[in-house]
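Novice: Now for the letters of each chain:
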Amino acid sequence: MKYIYYPGCSLKSTGRPYEESLLAVFKELQIPMEELHDWNCCGATSYMSVDELKAFGLAARNLALAESQNGINGNGDPDVHIVAPCSACYLVLIKTERYLKEYKNERKAVIKGLKIIGLDYNGKAVIRHPVDVLFNDIGLESIAKHIKKPLKGIKVASYYGCQMIRPFELFDPVHYPVTLDLLVDKLGATPLDWPLKTRCCGGSLTGTLHEAGMRLNYRLLSEAKKRGADMIITTCPLCQFNLECYQDRISSYTGKKIEMPILYFTQLVGLALGIPEKKLGIHRSFIRFPNFQALEMEV
Amino acid sequence: MTSTKQNGEVRIGYFVCHCGHNIGATIDVLKVADVIKNLPGVVISREYKYMCSDPGQEMIQEDIKEHNLNRIVVAACSPLLHENTFRRATEKAGINQYYFHMVNIRENASWVHVDKAEATRKAIDLSRAAIQRVFFHQALEKKQVSINPNVLVVGGGISGIHAALTLAKAGKKVYLVERDPTIGGLMAKFDKTFPTLDCAACILTPKMTEVKNHPNIELMTYSEVEKVSGFVGQYKATIKRKPRYIKEDVCVGCLDCIDACIYKDGKYYDEFNVGLSKRKPVYIPFPQATPQLVVFDPEACVRLKRGKCKETCVEKCDRDAIDFDQKEKFEEIEIGSVIVATGFQIFDAKKIPYYGYGKYQNVYNALEIERLVNSSGPTGGQVVMRNGEVPKKIGIIHCVGSRDEKTNIWCSRVCCTYSVKLAHLLKELSGADVYNFYIDMRTPGKGQEEFYNQVMREGVHFIRGRVAEVTDWAAEKEEQGKLIIRVEDTLIGVVRRIPVDMVVLGVGVEPHSDADKIRRLFNISCSTEGFYLEKHPKLAPFDTASDGVYIAGGCQGPKDITDSVAQAGAAAAEALALIDKGFIEMEPNTAFISEENCSGCKSCIPLCPYTAISFDEEVFKAKINEVLCKGCGTCVAACPSAAIDQNLFTNDQIYNEIDGLFKYETV
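Same order as they appear, the protein sequences are chains B and V. FYI, our numbering numbers position 155 of the first sequence as 155, with every residue one higher than the one before it. FYI, our numbering numbers position 523 of the second sequence as 1523, with every residue one higher than the one before it.
Treat the hints as calculated values from the structure; they're not laboratory data. Check the hints yourself; a few may be wrong.
Claimed, not checked - Subject to a maximum C-alpha distance of 27 Å in a straight line, what follows is the list of computed DSSO-like cross-link-like pairs (lysine-lysine):
{"hint": "1", "chain 1": "V", "residue 1": "K1359", "chain 2": "V", "residue 2": "K1305"}
{"hint": "2", "chain 1": "V", "residue 1": "K1242", "chain 2": "B", "residue 2": "K257"}
{"hint": "3", "chain 1": "V", "residue 1": "K1477", "chain 2": "B", "residue 2": "K256"}
{"hint": "4", "chain 1": "V", "residue 1": "K1482", "chain 2": "B", "residue 2": "K225"}
{"hint": "5", "chain 1": "V", "residue 1": "K1477", "chain 2": "B", "residue 2": "K186"}
{"hint": "6", "chain 1": "V", "residue 1": "K1359", "chain 2": "B", "residue 2": "K226"}
{"hint": "7", "chain 1": "V", "residue 1": "K1173", "chain 2": "V", "residue 2": "K1264"}
{"hint": "8", "chain 1": "V", "residue 1": "K1359", "chain 2": "B", "residue 2": "K155"}
{"hint": "9", "chain 1": "V", "residue 1": "K1393", "chain 2": "B", "residue 2": "K256"}
{"hint": "10", "chain 1": "B", "residue 1": "K186", "chain 2": "V", "residue 2": "K1393"}
{"hint": "11", "chain 1": "V", "residue 1": "K1351", "chain 2": "B", "residue 2": "K186"}
{"hint": "12", "chain 1": "B", "residue 1": "K155", "chain 2": "V", "residue 2": "K1049"}
{"hint": "13", "chain 1": "B", "residue 1": "K186", "chain 2": "B", "residue 2": "K152"}
{"hint": "14", "chain 1": "V", "residue 1": "K1329", "chain 2": "V", "residue 2": "K1305"}
{"hint": "15", "chain 1": "V", "residue 1": "K1406", "chain 2": "B", "residue 2": "K101"}
{"hint": "16", "chain 1": "B", "residue 1": "K226", "chain 2": "V", "residue 2": "K1031"}
{"hint": "17", "chain 1": "V", "residue 1": "K1329", "chain 2": "B", "residue 2": "K152"}
{"hint": "18", "chain 1": "V", "residue 1": "K1392", "chain 2": "B", "residue 2": "K226"}
{"hint": "19", "chain 1": "V", "residue 1": "K1351", "chain 2": "B", "residue 2": "K257"}
{"hint": "20", "chain 1": "V", "residue 1": "K1393", "chain 2": "B", "residue 2": "K226"}
{"hint": "21", "chain 1": "V", "residue 1": "K1477", "chain 2": "B", "residue 2": "K155"}
{"hint": "22", "chain 1": "V", "residue 1": "K1482", "chain 2": "B", "residue 2": "K226"}
{"hint": "23", "chain 1": "V", "residue 1": "K1477", "chain 2": "B", "residue 2": "K225"}
{"hint": "24", "chain 1": "V", "residue 1": "K1236", "chain 2": "V", "residue 2": "K1264"}
{"hint": "25", "chain 1": "V", "residue 1": "K1359", "chain 2": "B", "residue 2": "K225"}
{"hint": "26", "chain 1": "B", "residue 1": "K2", "chain 2": "B", "residue 2": "K152"}
Stated by the list, open to error - Between beta-carbon pairs, the in silico distance windows are:
{"hint": "27", "chain 1": "B", "residue 1": "E259", "chain 2": "V", "residue 2": "A1475", "range": "17 to 23 Å"}
{"hint": "28", "chain 1": "B", "residue 1": "L140", "chain 2": "V", "residue 2": "R1319", "range": "55 to 61 Å"}
{"hint": "29", "chain 1": "B", "residue 1": "K145", "chain 2": "V", "residue 2": "S1229", "range": "55 to 61 Å"}
{"hint": "30", "chain 1": "V", "residue 1": "P1537", "chain 2": "B", "residue 2": "K108", "range": "56 to 62 Å"}
{"hint": "31", "chain 1": "V", "residue 1": "S1229", "chain 2": "B", "residue 2": "L140", "range": "37 to 43 Å"}
{"hint": "32", "chain 1": "B", "residue 1": "L140", "chain 2": "V", "residue 2": "V1495", "range": "36 to 42 Å"}
{"hint": "33", "chain 1": "V", "residue 1": "A1475", "chain 2": "B", "residue 2": "H175", "range": "16 to 22 Å"}
{"hint": "34", "chain 1": "V", "residue 1": "V1494", "chain 2": "B", "residue 2": "Y253", "range": "20 to 26 Å"}
{"hint": "35", "chain 1": "B", "residue 1": "S46", "chain 2": "V", "residue 2": "R1496", "range": "40 to 46 Å"}
{"hint": "36", "chain 1": "V", "residue 1": "K1116", "chain 2": "B", "residue 2": "K101", "range": "19 to 25 Å"}
{"hint": "37", "chain 1": "B", "residue 1": "G118", "chain 2": "V", "residue 2": "V1495", "range": "49 to 55 Å"}
{"hint": "38", "chain 1": "V", "residue 1": "E1488", "chain 2": "B", "residue 2": "L119", "range": "17 to 23 Å"}
{"hint": "39", "chain 1": "V", "residue 1": "L1197", "chain 2": "B", "residue 2": "V126", "range": "55 to 61 Å"}
C-beta: ideal position from N, C-alpha, C; glycine also.
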């Protein structure tokens, strides 16, 4: 089986380190994956609130493309697994898939639209988050076999954000998700009990209602710091951006210096697998984790 | 008419009832009577304002005599209400009661329609169907079965105890089966009872002793019902007696063996104190346990686990009561009726992770608090938390696992008042500031609202709103080291953060996780949430669909001690009514097999929900036990050789009834 990678806009821009580390980790773990050809915008949450049907049509084009790219396997079983690393893309695609399954008239309209551009949609595409793939398809045990540098001594606060686990409880308990913490533990680092792990990062509020966004953002950072986190790992480019990029501003608002490295979970996995920092995009971070070199010395 | 099975000349009397305005306002009763009058076989057709009244019944009887009627059809209300009334009237006039048939034109027509013409047409259709049906009615007799006066009571909580005592006092032999080593159930764990603050032990233990000493009660603790067979009046049950590794008739409950155990301190989960303390491998659940017998835990006792131990307990026992070779035993008992009083369990608060139960050590469930405030509890009634501190501020969260779409949707009925009670006790014992977080205060029942008001006056805080989460995430300095309860206070419309030292979860109640086992043994139905289903929610809340099997207490639904005892008493009275009658009458609506048509395929046997069909290997035919058969008709429909027919629902009766329904055009 080959996974189809749907990057969405973020992973090609602000979330570039996410793409770099994801591809590097999948390559290292020998998970076959290729990018979806000719993909388009998922529509994000905003388009859906403007015009639902068109938004679903837009997202469904990606699903239809994925189906035609992978085909259906020999047994006729669905074998189209789209990996959507950005939580917003992930949720929009899942919503689209469910909506079209449930509402017949809308499905007809969307399929009719797709036919015009020579595409067909059968509802076979399964949308997966890379956390889900690593945790359930690959498994922690087989990841453990590839670990070259256990991340001993790092305290990691895992941040799940909202869209990866809510509202659909697909692979992790909604109220107290644990997959990332188990992964962190397996990598040799120390997972931190951090009750804010599903709380809002501010989302687009950091751009629209800046102060409110900052407040939400600050809570996460200060509590993680108080609990002794060495870093926060995220699964979503917007979370990563929000948490990392406003730290100096928050520090100047509150008078308290916060310097918290915000990494993508794939970067952490990559480090444990012994992939060079540069290939994981770690050099792009604004706030560096100081001790990776020391870690390498230890091993 | 499609059959030749008519017996003699059929002379039908038809009587249609106005039921005041209930039927008369929506159905043209005069027209109905008029139409039916002209149907074949109908000798007389009358309408009357209240057919069920004495004059109405007399009219029927006189007509039977005067016109020599041999079939009676009454079109009125539901047969559930007055079928018996008219059957009696028919019988009094000298003809078999099964020549009577009732048509429901009230619940099935007048009450559910607004169009008078349509409702009238429907009443005519239903009546015509009945007229065609009664042609094929037969004289049938109710069957009588004798009743074994012994009663099995399953469950030794307050409901089971009360039911057993009531029956024993009336002179009936009672087998009281309890799966724990002691009777007493949940109530034995409570400190005070709401709303009067009676000491639970003080009012319960005398009843427990009475059970132990009553000559009519055979107490079987540490035992479970394993198998049940038979039918109302004649049940057989197999009781599994789990080994205590103690000779029950020799042990006097001196407890010396517990002191002598090689374990100096308790090490194992203490069920009675819900884990707040540890017990030894040999233990007695609590000081007033009944019977006063120790029990060895085979999972913990070194001698039982490994076969080797210093056996200091055996050395110490001067009566030689310890017997490590005991095996589980099975006893068979014969009874005529059963009262199931297996109770409920509390909701597992771990299912709601955002309240932190099992994560933060100072989050407790309500049952743990019952033990904590109990003077015989693990702390001797001192409110000391797991971290050794006395709380200064306590939050009690209501509706944990109740009225919640995500967990259990029902109201557990007892939690509001017990939370109020715990608030009172915790405040009294620790002096702490207590906050109650509720959605709605539900304190029904005598004295409960007054109790709530009293506790409010004592200075307990009540905040209206469902708690969002309990966390140790401190946003402010004063929240450091506390548990923070985040809640929308819906009375002032703001989100509040209340830091407390201790959180008490007012957990709801739910059916036992293994409730299905008992349910299947006794053929009791359950409602969607799994509580045992009563025969009628209002008029028979202690009966079940299985005759002679009654339910009482928490197994039927959430209820407090008062209601459990009331229901247990009612169930016992119901059992007594059955026993003292000496026999039961069975409706003759049973299925019967035509031996010549039965091919012996056995299709019917696994289908019967009442295990009423057996197979006679000698003649290679299926056989129906008429006493067990409830007349559900499953086998009748399933028989591939059409060898099964059913009294009151024979093929002739049903086909002609259907035929009658669709003859409107010809009238």
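Novice: Is 55 to 61 Å respected by the C-beta to C-beta distance linking B:K145 and V:S1229?
Specialist: holds, 57 Å
Novice: Does B:K186 lie within 27 Å of V:K1477 when you go C-alpha to C-alpha?
Specialist: violated, 35 Å
Novice: With a cut-off of 27 Å on the C-alpha distance, tell me whether V:K1236 and V:K1264 pass.
Specialist: Given pair V:K1236, V:K1264 is violated - Cα atoms ~45 Å apart, limit 27 Å.
Novice: Against the 27 Å threshold, does the CA-CA distance of V:K1329 and B:K152 hold or violate the hint?
Specialist: violated, 56 Å
Novice: Checking one constraint from the list: CA of V:K1477 to CA of B:K155, max 27 Å. Satisfied?
Specialist: Holds - the C-alpha atoms of B:K155 and V:K1477 are around 24 Å apart, at most 27 Å.
Novice: Starting from the range 17 to 23 Å, see whether the pair V:E1488 and B:L119 falls in it by beta-carbon distance.
Specialist: Once the Cβ atoms are compared, 47 Å apart, the range 17 to 23 Å for B:L119 and V:E1488 is violated.
Novice: Within 37 to 43 Å: is that where the Cβ-Cβ distance between V:S1229 and B:L140 falls?
Specialist: For V:S1229 and B:L140 the Cβ distance comes to about 51 Å; the hint is violated.
Novice: Hinted pair, alpha-carbon criterion (27 Å max): V:K1482, B:K226. Please report holds or violated.
Specialist: Holds: V:K1482 and B:K226 sit about 15 Å apart, inside 27 Å.
Novice: Starting from the hint 55 to 61 Å, judge whether the C-beta atoms of V:L1197 and B:V126 obey it.
Specialist: Given a distance of about 59 Å, which is inside 55 to 61 Å, the answer is holds.
Novice: Holds or violated: 36 to 42 Å for the Cβ distance of B:L140 and V:V1495?
Specialist: Given a distance of about 38 Å, which is inside 36 to 42 Å, the answer is holds.
Novice: Hey, V:K1482 versus B:K225, does the alpha-carbon distance stay inside 27 Å?
Specialist: Holds, because 18 Å separates the two Cα atoms, which is no more than 27 Å.
Novice: Are the Cα positions of B:K226 and V:K1031 separated by 27 Å at most?
Specialist: violated, 86 Å
Comparing the model with each numbered hint stated earlier shows that hints 1, 2, 5, 7, 9, 10, 12, 16, 17, 19, 24, 26, 30, 31, 35, 36, 38 do not hold.
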